[in-house]
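Asks: Heads up: the protein sequence lines correspond to chains C and B, in order.
Under the working numbering, the first residue of the first sequence is numbered 225, with each subsequent residue one higher.
Under the working numbering, the first residue of the second sequence is numbered 7, with each subsequent residue one higher.
Quick caveat, the hints were computed from the structure, so don't treat them as lab data.
Glycine residues also receive a C-beta, built at the ideal position from the N, C-alpha and C atoms.
Accuracy of the hints is not assured; some may be wrong.
Straight-line distance between alpha carbons at most 30 angstroms, and here's what the computed DSSO-like set of lysine-lysine pairs gives [what the hints assert, rightly or not]:
#, chain 1, residue 1, chain 2, residue 2
1, C, LYS288, B, LYS48
2, B, LYS48, C, LYS265
3, B, LYS85, B, LYS51
4, B, LYS85, C, LYS244
5, C, LYS290, B, LYS85
Computed footprint of chain B on chain C, listed as stretches where at least three residues anywhere in the stretch have a Cβ under 8 angstroms from a Cβ of chain B [stated by the list, open to error]:
#, stretch
6, 267 to 275
7, 330 to 341
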Amino acid sequence: GAVVSQHPSRVICKSGTSVKIECRSLDFQATTMFWYRQFPKQSLMLMATSNEGSKATYEQGVEKDKFLINHASLTLSTLTVTSAHPEDSSFYICSARGGSGTPGYTQYFGPGTRLTVL
Amino acid sequence: RKEVEQDPGPFNVPEGATVAFNCTYSNSASQSFFWYRQDCRKEPKLLMSVYSSGNEDGRFTAQLNRASQYISLLIRDSKLSDSATYLCVVNFQAGTALIFGKGTTLSVSS
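Could you put the whole structure together from the sequences, leaning on the hints where they help?
Replies: Below, the structure is given as structure tokens:
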């Protein structure tokens with residue numbers, strides 16, 4: 225099956241720093257990538273939808289200037305949490321989807337990145 | 007009103023028990039339905055898709071009632087390894103993001 229990787233798997237940083245999370249589709253071209261966030265005991269909440277080569281579409285309540293998303297290639301999307309604060313501590317998960325008819329048409333999830341902001 | 011609602015549990019059952027999870031969704035135009043499994047501190051993994059005719063995969067049976075906007079998952083002969091959080095997931099339109107319920111926690115004990 226299709227594989228999606230995320231890096232780093234875990235990061236601890238000081239308040240005010242920026243953190244970049246990478247999401248890669250390893251064996252298919254991901255035309256669309258989704259970024260989710262999950263707080264403890266909560267459901268996965270969609271943050272934004274990213275299509276290769278275009279600007280991401282953010283969900284209501286998600287600050288686009290704080291959560292910068294870049295989807296520059298068909299296999300890589302990045303989420304940068306700028307000026308991170310303790311309330312941004314969460315589990316960030318990406319999912320990737322290929323085009324219709326490709327093995328990746330279903331959404332495949334990365335293993336997640338656990339961010340802790342001190 | 008939340009888009010996908012589930013009973014959070016926890017459901018604590020002995021090995022061998024049968025357990026059922028329920029889920030309702032608010033968008034009647036939703037097209038695809040799934041159950042995902044999430045282990046602690048891990049990403050969700052697809053357990054099974056849910057079809058209108060109902061479908062079964064080994065010990066797992068999923069049902070969909072579009073008229074009632076209701077989805078269910080039945081687990082028979084529970085195993086210790088079934089302990090996890092089960093997420094009800096709905097897709098409004100192919101290619102768009104999945105909408106997740108909060109999850110129902112299952113704990114199977116010996």
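Asks: Take the hints in turn and mark each one as holding or not.
Replies: Do the hints match the structure? See the list:
1. C:LYS288 / B:LYS48: This hinted pair holds, its Cα atoms lying about 26 angstroms apart.
2. B:LYS48 / C:LYS265: holds, 13 angstroms
3. B:LYS85 / B:LYS51: The hint holds at about 18 angstroms.
4. B:LYS85 / C:LYS244: The hint is violated at about 39 angstroms.
5. C:LYS290 / B:LYS85: violated, 43 angstroms
6. 267 to 275: That given contact holds, which follows from 5 residues of the stretch 267 to 275 of chain C lying within Cβ reach (below 8 angstroms) of chain B.
7. 330 to 341: holds (count 7)
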